[in-house]
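Asker: With the hints as extra help, turn the sequences into a complete structure.
Listed here are the chains, written in short residue letters.
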Amino acid sequence: MVKIESKDAFTAGTVPLAGHGGDEIEAYLARPLAPEPHGSVVVIHHMPGYDDATKEMVRTFAAHGYAAIMPNLHWRDAPGAAPDDAAAASRAAGGVPDARLLGDVAGAAAHLRGLPNSNGRVGSIGHCSGGRQSFLAACSLDLDAAVDCYGAFVVGEPPENFPLAVSSLVHLIPDLRCPVLGLFGAEDKYPSPEEVGELERELERHGKAHEFHIYPEAAHAFFAVDRPSYRPAAAMDGWRRVFAFFDEHLRP
Amino acid sequence: MCTYVTEFATMDGSAKGATGWFPCTRAAVYVDHPFHARHEHTVNIDFTNPELGPSARVAVELTEESALALIEAIRTALAAAPPGLASGGPLS
Chain H
1 MVKIESKDAF TAGTVPLAGH GGDEIEAYLA RPLAPEPHGS VVVIHHMPGY
51 DDATKEMVRT FAAHGYAAIM PNLHWRDAPG AAPDDAAAAS RAAGGVPDAR
101 LLGDVAGAAA HLRGLPNSNG RVGSIGHCSG GRQSFLAACS LDLDAAVDCY
151 GAFVVGEPPE NFPLAVSSLV HLIPDLRCPV LGLFGAEDKY PSPEEVGELE
201 RELERHGKAH EFHIYPEAAH AFFAVDRPSY RPAAAMDGWR RVFAFFDEHL
251 RP
Chain P
1 MCTYVTEFAT MDGSAKGATG WFPCTRAAVY VDHPFHARHE HTVNIDFTNP
51 ELGPSARVAV ELTEESALAL IEAIRTALAA APPGLASGGP LS
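The listed protein sequences correspond, in order, to chains H and P. Those letters in the first sequence? Residues 1 to 252, by UniProt numbering. Those letters in the second sequence? Residues 1 to 92, by UniProt numbering.
If you are wondering where the hints come from, they were derived from the structure by calculation, not from laboratory data. One or more hints might be untrue.
Unchecked claim - What follows is a set of in silico ranges between Cβ atoms, one per label pair, in the way DEER data are often shown: (1) P:77 - H:23: 45 to 51 Å; (2) P:77 - H:244: 54 to 60 Å; (3) H:110 - P:29: 38 to 44 Å; (4) H:6 - P:12: 57 to 63 Å; (5) H:236 - P:5: 48 to 54 Å; (6) P:81 - H:189: 56 to 62 Å.
We put the CB at the ideal spot given by N, CA and C, even for glycine.
Answerer: Quick look at the structure:
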């Protein structure tokens with residue numbers, strides 16, 4: 001008789017997190033209950049905020065044996081507000097500054113490494129604006145793997161009238177500390193396939209480990225199950241590649 | 001794409017949000033991904049009162065055609081009324 005095991009059991013919920021400057025912010029944590037050592041992932045939410053669809057991604061990592069945490073990057077702009085109201089308040093205030101983002105991701109990584117049974121290895125993943133932020137974190141923080149899902153302005157400067165303090169990250173590529181997986185849509189304009197090609201050439205020029213995939217018939221936000229941009233075939237293959245990548249770099 | 005570009009306009013009026021009526025002091029207008037509308041991009045307008053917090057917000061997400069039709073309807077309605085009838089005085 002085959003024994004039925006519950007190795008996939010996990011717990012999930014909201015926790016306080018020490019973020020940038022020691023500020024206490026809200027975060028969503030999901031972690032496996034199994035006693036074996038596990039790798040961890042910081043999930044960086046997109047510009048529309050700390051929403052249900054991204055919380056589901058956090059739970060998906062836990063279901064696959066990773067501890068995962070998503071800091072609410074808009075908490076300071078709108079503590080306790082609904083994710084859409086918080087995202088609007090953050091946008092009106094000029095968006096999430098890069099320095100604050102790094103402080104929050106660093107706090108999230110430290111929280112994950114402090115969990116019982118952490119193997120000490122932490123990766124990051126982000127979509128849309130979070131893709132750029134995941135790449136930024138990989139250039140600046142002690143991470144072991146990073147996934148950039150269609151982040152714009154990793155290469156290429158935003159138009160001059162952009163009110164947000166986002167800029168190209170090309171100058172940081174020499175500091176990139178870990179392998180990067182990049183997942184993009186061929187129909188996307190931000191980043192365009194040309195910009196993805198430029199980023200890949202820069203990573204090659206600096207000898208940085210990376211793996212890029214551009215999905216045909218997918219545009220921006222093809223992972224977003226609650227949006228019309230969702231492309232199941234690209235998203236399913238993308239998830240497969242994300243887990244293969246993290247299994248290689250974050251497992252004991 | 002995430003456009004990031006936001007246009008602001010000072011408002012003098014009221015809006016009715018999730019918790020009832022509030023004095024509306026600002027509108028933020030941007031073209032970006034919507035939260036709810038079933039389109040990849042929309043014209044989004046947030047009627048807010050920042051002093052009352054982030055929940056003092058009435059949000060609309062409109063297609064480009066809808067937004068332009070709304071502008072036209074506002075102009076037509078104003079043109080049909082005596083000039084200055086709905087004026088609150090100059091906005092700061």
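Asker: Which constraints among the numbered hints does this structure fail? Numbers only, ascending.
Answerer: 5, 6
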